[in-house]
Amino acid sequence: CIMSRVLLLGASRRTCVARAMSSTASPSAKHPNIGKFSTELKFMNNFGEPFITYRVLDDFGKVIDPANEPKVEKEFAVRMFTTMLRLNVMDSIMYESQRQGRISFYMTSYGEEATVVGSAAALSLDDVVFAQYRESGVLLWRGFTYQEACDQCIGNSRDKAKGRMMPVHYGSKALNFHTVSSPLATQLPHAAGAAYALKRQGKAACSVCYFGDGAASEGDFHAALNFAATIECPVLYFCRNNGYAISTPVSEQYRGDGIAVRGVSYNIHTVRCDGNDVWAVYEATRQARDMAVRLGTPVLVEAMTYRGGHHSTSDDATRYRGKDEVSRWSSTNNPIERMRRWLVGRGWWGA
Amino acid sequence: RLVKCFVPSTCPAITFCRKMARYSSSSLRAMSTGQAELKKMNLVGAVNDGLRIAMETDAQAVVFGEDVGFGGVFRATAGLQEMFGKERVFNTPLCEQGIAGFAVGMAAMGATPIAEIQFADYIFPAFDQIVNEAAKYRYRSGGQFHVGGLTIRTPYGAVGHGGLYHSQSPEAYFAHTPGLVVVIPRSPAQAKGLLLASVRDPNPVIFLEPKALYRAAVEEVPTGDFTLPLRCAEVLQEGSDVTVVGYGAQLRVLQAACDRAKAELGASCELIDLRTILPWDAETVCASVSKTGRCVVSHEAPVTCGFGAEVSARVQESCFLKLEAPVRRVCGYDTPFPLSLEKAYLPGVDRCFAAIKETLEF
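Going down the list, the protein sequences come from chains G and C. Residues 1 to 351 (the numbering used here) are what the first sequence spells out, left to right. Residues 1 to 362 (the numbering used here) are what the second sequence spells out, left to right.
No wet-lab data here; the hints were simulated from the structure. Don't be surprised by glycine CBs; every beta carbon is placed ideally from N, CA and C. A hint or two may mislead.
Unchecked claim - Cβ pair distances, simulated, as ranges:
1) C:85 to G:294: 20 to 26 Å
2) C:336 to G:46: 31 to 37 Å
3) C:70 to G:92: 56 to 62 Å
4) C:56 to G:287: 39 to 45 Å
As the list claims (entries may be wrong) - Chain G side only, calculated, beta carbon under 8 Å to chain C, not exhaustive:
5) 98
6) 102
7) 189
8) 198
9) 219
10) 224
11) 226
Stated by the list, open to error - Part of the chain C face toward chain G, derived, beta carbon under 8 Å:
12) 101
13) 105
14) 124
15) 128
16) 256
17) 259
18) 263
19) 266
20) 267
Chain G extracted, bound-state conformation:
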């Protein structure tokens, strides 16, 4: 039992002390995590400059480096753009329906259309999705209908969840999208376990886990990333860093360099991308997914974006952030507009 082990350790320590420390050529024992020693005492608290942010399009939808021109068919790109628009339109109608008293609650994805649709388009339907609550775009991409969304929000007899959950807590077995739960970040360890099960089942797929900048402060985030890295699970952790957790800006959420730098500390392959650049999100996700499946290890993608709307219908963001800030993002860094301009540049707009 454990008591006898403790006693045995004590006994061997006594005899070790009795033996003199040998000064022969063999090096002394060293902790496995020690690299170089130094006689200079130096503290460090960051890696110098912020994580490099990958982007393909500039602010005006023009591909910056021609080598990064997306290699996609017109039909695929148009489908992505259409999905972003459909998400935006659905949000407008459903938000209003809540205000009219038709549904009890709703959450929009304004400003994050490229983040959710760009990433969804880079995945396979075999990839199992564990989401937070602002990923309706992933469901729409996979084929979730407006009718299914409305059924869930109303909670009628057609709702597959039998009217048990608040609106936007979608789930779809057919679309490999696990039912969303309200407690934040609980899905992160699930995604690690699910990925391990997928790996054991020999599937060429990964689990994909969406979460926000606020949820990344939860204990489950740290637990999950450490587990995924240590046990080696093919999971794609995707952070929608949209600058706010309800009223709390990122400056009050963390002091570190966002979420990306945390991935590195767990030895997880990490990339930060421009979340409002649909092709940056797409390519980062595509490569991350490929890496997760091929290597059987976790990958972290942090997409930098902006929450254009209120947190939910129960929130009034004007109480903690100015209308100017919101309109500046909407007019100068609008994901839908940037992609539209790219389509124009390709000659695919109105063709």
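Start from chain G and add chain C according to the hints.
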């Protein structure tokens, strides 16, 4: 083996299970499938044997937790990593919320994760994952998803020197959560059969093992693959004067108290082991109290809102006119679990006997 189904307490199959269970443990020999072969095992050895069979019969079964690789701090997982490999039996980082969440995720994919929480006292970081996620996974998805393959096993209860953080009995917190199954075995054979049933039950199960009995309890255990029914209590000895109810390690204390009541008072005690705390077999207990008219419940956990409170409430609700005395609870006191005062804290034989005597003389 039992038919796999999500069984509410009103299910007709339960009546059959209860009829089967209303025998003493000597009937285990008759119940074990095929093999009559028995072997002397202690409780932790029986758990180890059950885990081995669970792993052999289900390729999706995996065992993980802190230190399970080398055999576990109580040797419950001894030999399993050598037998099944590191892919199926592995250590996790030191993080209970991670262990529980990881297990939920595996179970959500149809796997059979058997997670260990090193001491029940450390299960609280995992409480959110167990209560908010595991217990509600099936319900909230309308049945599209579930984590039925999930089993969390953890040593609980007084051990003589555990103090606040190596002695707790947290079953009541989980009994308050619809969607979970909570199981507590009293002996080695019960532990093996109930563990196999728990692993195979299509619902998330919390399996609490009485650590005080890990080595102390030894009995003949069927070596083959067998299960014991969940959601059924077991009447250990029939009696006519008072119904005595308990579970886990406390049954030994209650048996001694009942023996003393027989010897000194000539009292005939009906002793019942609940075995499954949630959903609990109120039918068996209430049928017994309707017969005896008196009831004493006992557990180590603190008395206020301990599981005895649920038993008492239900018994007085269902058997009010049959009761000759108030339902008594003999439990731990409402304090954190002490170290040097453990003997005074625990509901020992003296206190249990006193409660039985007072109930009989009411």
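Next on the checklist: Looking only at beta-carbon atoms, does the pair residue 336 of chain C, residue 46 of chain G fall within the given range of 31 to 37 Å?
Outcome noted: violated (42 Å)
Checklist entry - Against chain G, with CB atoms and a cut of 8 Å, does the hint on residue 124 of chain C hold up? => result Nearest chain G Cβ about 12 Å off; hint violated.
Checklist entry - Does the Cβ pair residue 85 of chain C, residue 294 of chain G satisfy 20 to 26 Å? => result holds (23 Å)
Item to check | Interface hint compliance - residue 266 of chain C to chain G, C-beta minimum distance less than 8 Å | outcome: At about 42 Å, which exceeds the 8 Å cut-off, the nearest Cβ of chain G leaves the hint on residue 266 of chain C violated.
Next on the checklist: Does the closest beta carbon of chain C sit nearer than 8 Å to the beta carbon of residue 219 of chain G?
Outcome noted: holds (6 Å)
Next on the checklist: Does residue 101 of chain C hold up as a contact with chain G if the rule is Cβ-Cβ below 8 Å?
Outcome noted: Since the shortest Cβ distance to chain G is 2 Å, the answer is holds.
Next on the checklist: Please check whether residue 256 of chain C passes as an interface residue: C-beta within 8 Å of a C-beta belonging to chain G.
Outcome noted: At 25 Å from the nearest chain G Cβ, residue 256 of chain C fails the 8 Å test, so the hint is violated.
Item to check | Restraint check, 8 Å cut-off on beta carbons, for residue 267 of chain C near chain G | outcome: Check failed: Cβ of residue 267 of chain C comes no nearer than 38 Å to chain G, outside 8 Å.
Checklist entry - Holds or violated: residue 259 of chain C as interface residue toward chain G, Cβ cutoff 8 Å? => result violated (30 Å)
Checklist entry - Should the interface hint for residue 226 of chain G be scored as holding, given a Cβ-Cβ cut-off of 8 Å against chain C? => result Nearest chain C Cβ about 5 Å off; hint holds.
Checklist entry - Against chain C, is residue 189 of chain G within 8 Å by beta-carbon distance? => result holds (2 Å)
Item to check | Supplied contact hint for residue 98 of chain G, tested at 8 Å Cβ to chain C | outcome: For residue 98 of chain G, the interface hint is violated, since the closest Cβ of chain C sits about 21 Å away, which is over 8 Å.
Of the numbered hints given earlier, the model fails hints 2, 5, 6, 14, 16, 17, 18, 19, 20; all others are met.
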